[in-house]
Amino acid sequence: MRTLTPIFSILIAILLYFFFIGPRYAEVKEIRAEAENYQEAARRYDEFATALNRLLDLKRQQSPSTLERINQLVPHELDTAHIIADLEQLAEGHQLLFGNITTESLEVAPARSQANGSEQLSGESTELQTADISFELVGTYGQFKEFLRDLESSLTLLEVTGLRFKASDGLFEQFGVTVRAYALPRTTN
Amino acid sequence: MTYIPRSPSGQRGAASPIPRIVKKRRTFRIFGFLGSALLILSVLASAAVFFYENISENQFEQARQDLAAAADRVSDREARMREIKQYDDRLKAAATLLDNHVAPSRLFEALEMNTKETVQFQSFEYTYDPGFDALLTLGGSTDEFISVVLQKLQLASADSPFEVALVSNVTKAAASSDGAQGQALSGENAVTFSVTGLLRENRLSYTGAGDETPEVQQQPTSTPDDLPAETPPENPQSDNQEGI
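Chains as they are written, first to last, in this note's numbering: chain U, 2 to 190; chain D, 10 to 253.
FYI, nobody ran anything at the bench for these hints, they're computed from the structure.
Each residue gets a CB set at the ideal place from its N, CA and C atoms; glycine is no exception.
A portion of the hints provided could be inaccurate.
[Stated by the list, open to error] Stretches of chain U that chain D covers, calculated by requiring three or more beta carbons in the stretch to come under 8 Å of a beta carbon on chain D: (1) 30-43; (2) 48-61; (3) 69-81; (4) 97-107; (5) 144-156; (6) 161-171.
If we strip away everything but chain U, and leave its shape as in the complex, we get:
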């Protein structure tokens, strides 16, 4: 009897370990690991919310007029009709005749940024919508230069991609102009 009691004790201890303590401890470890993951995720969520709010505050610190100007610089949609109307108005403002309008819509990536040196933007996701608008003006050379200056400083950014004309004997000359208009990529609208 004296020998059997310790044997039974050890046997019970071993059985307890293998059938209760061991598996339960393994489960506890898994639960704690899961809990740590959840805590880490909650912490990341809070960091994410903080970063989001910070970025939104940066944007909302801009004045409404500044935001409006930025929106006009690179609008959501390419509204060629509006652009042509604005060009016509600009031409009329300089007493130039405006006509022979053609448009061509493209979607190309803007080329390298001069500020970034040789960095190519074609590998980035900013594929802007573009449209080429060609038109002709009739007027004097001086009027055309003034028109060009106003066009360059237009808030709605229009890039002059083509100019062509031939001198004539008369006062008025015919100028061919091609401008490129831009809008945000379709995916970001």
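Given the structure of chain U, go ahead and fit chain D onto it with the hints provided.
What follows is chain D alone, placed relative to chain U:
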């Protein structure tokens, strides 16, 4: 009659069956101790694991609730992210476009300063692929070949708007006929030539300095009747510069 056993003191050296002093014999049963200890330890460990499991489950539940609460705090994250991304895309696009924006009007000023008095440029063709090079082709005419050479040297100078310029198609035509390229020729300017070249980026880049010109609005805000009356500026006509 009483039986009196022989006293051991009477017989020295003889062993007595009854011990005089009873000493308790100590025995340490290690095997039993081990068994008991193990059993007690396993029971304690079982209890500890049981309570530890309860605590861990509570912590897990708390962590899950914390995560749900954190997710609720940014429930409109998609809309906010879209707003930020749109703004960021717009800023990047604006920065890129402005970096590549050129001012062709500066080109006219540079050409006017770099055109010889004896040369007329009568055709002008400018092309620009945003972010890449700008190409200019001019058709000129003059009286003498030496003027072509001088013009070429001027266009190769540091003040020239050209980064590299090529003078070609130098021809001397009859004074009364039109050139093969359709250029109008005066009776005096009988030598025609072409200039083709790449323009310097820094001479064309838009600086925006001192611009007080009106902005092109998205929506027309005035009708032609409202525009201030302007007299057309005088065309800078000189004896030698008709086109440019």
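For each hint, the structure was consulted:
1. 30-43: Held - the segment 30-43 of chain U has 9 residues with a Cβ nearer than 8 Å to chain D, which meets the minimum of three.
2. 48-61: holds (count 6)
3. 69-81: It holds, with 7 qualifying residues against the three required.
4. 97-107: With 0 residues close enough to chain D, the hint is violated.
5. 144-156: Answer holds; 11 residues pass the 8 Å Cβ test.
6. 161-171: holds (count 10)
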